[in-house]
Amino acid sequence: MNRGTLPILARLQSLQTSGRFVAGGTRVLAEATDRNPVAQILRAANETMLPRSLRFFSESGPSLTLDVAGRRILRVTDAQGLPSAQDCLGVGALEDEHKDALIKLLQGVAVQRHELHVATGPIGRGGEAVSVGLPVALLADLLLVELNPIGPDEEPAALAEAPTEPQVEEADVSGSGFQGFAAAMGPSLIAWLIDGGAEDGRSDGPDEMVSHLQGFLADERDSLERQFDLLSALPGDPICMILGATLVEGHSIIGARLGPAVLLGVVEGDATTAVLGAWRAALR
Amino acid sequence: MGVNESLGAVVKAFPQAHLVAFADLSSRMILSSTGPLSTTQEYLDRLCDQARTSFDDPLFSLSVEAFGEPNAAVVMGPDTVRIFLRSDVEPADALCCICDHGIDLPAFVAKIRGTLESITHAG
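Line by line, the protein sequences are chains Y and A.
Per the numbering used here: the first sequence = residues 1 to 284.
Per the numbering used here: the second sequence = residues 1 to 123.
Quick caveat, the hints were computed from the structure, so don't treat them as lab data.
The C-beta atom is built at its ideal place from N, Cα and C for all residues, glycine as well.
Warning: the hint list may mix true and false statements.
Quick look at which bits of chain A chain Y covers, simulated, 3 or more residues with Cβ under 8 Å [as the list claims (entries may be wrong)]:
| id | stretch |
| --- | --- |
| 1 | 44-58 |
| 2 | 105-115 |
Here are the simulated SDA-like pairs of lysine to any residue, each with C-alpha atoms no more than 25 Å apart in a straight line [stated by the list, open to error]:
| id | chain 1 | residue 1 | chain 2 | residue 2 |
| --- | --- | --- | --- | --- |
| 3 | A | K111 | Y | D200 |
| 4 | Y | K104 | Y | A85 |
| 5 | A | K111 | Y | K104 |
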């Protein structure tokens, strides 16, 4: 599909969505079951072309009011119940240096397991609009949010009817990255090797197996990256893959990418029980 | 039970499964799909291509060298889990599934293995 058509399809989909309005003429932007309400804020801002004031407020209390125009967030005009809001509140036009503070405010108002509402009004400061501000697309990139959710990694929680609480056990490890991943996989990960990144060269398992993995990566690292890219929404995205005869017995191959690092390993026995928790540990 | 009913039973049993599709990997076609995920034909085509990519080099060769031909793949991204399963007896027959991270993966893999076998044997 031509990616240029994605915004159009997303808009058509949103027009077909039966929005839920509540008292005061506000709209429910994210249900309590939505696992990524920040994404809904960004999508609402991204669909706002004409200058508007958007007030986002969570059932749990905090609220954030933004002036938005032309797929950009121009400024923060009000914030309630959000610490550190002063970093953005006095700013006439948000710039790159404010993006981290703004992201914290967005995350602060997008409280999970609570409904998130939005109210639209005329832009603040007497209708004054500026042509600068922070592009919504930039914030979406930083937060790994797909603004036009049609694709293999679109946010699935909004499509599920039931709350999607994780059913697998959270990995009982404090580490993140591939070290955390390996620890969370436990003894079933009988051999592994990390190539690239801060943990480059770390490995565990029988020398013969690790050496075989090393040789494979030395020859095939580039083609492995290409295979990962073909399976990712975007080139370079984090990805983890297990390949085996059955995945529950015998041996399986595990390959994963996090930024510049690639992990390659061998799983013995059931590869399905621990891997989701381990992958979450790696992504933390 | 027909293919559609078989796929529907999987989705009904696992609400975290957003799409379950039966594919012919040799002709790169999704023959039947079900689930709450709204999709376009291009999306289904891409999913089928991803299934083929999962059973392709270089990881495929590594697996074959070490342990034999793989028939199951789990691909995890930041938000979703994709599970691709090929039939042992008819490798062109495959199930392609998209789930969220809350899925009970061991139970789900067992369920779709049985579903795929029943579809293949019925065909």
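Now for the hints, and whether the structure bears them out:
1. 44-58: The restraint on the stretch 44-58 of chain A holds, since 10 of its residues have a Cβ under 8 Å from chain Y and three suffice.
2. 105-115: holds (count 5)
3. A:K111 with Y:D200: Not OK: K111 (chain A) and D200 (chain Y) at ~38 Å, beyond 25 Å, violated.
4. Y:K104 with Y:A85: Between K104 (chain Y) and A85 (chain Y) the Cα gap is close to 9 Å, so the pair holds against 25 Å.
5. A:K111 with Y:K104: Roughly 41 Å between the alpha carbons, so the hint for K111 (chain A) and K104 (chain Y) is violated.
In this structure, the hints that do not hold are numbers 3, 5, in rising order.
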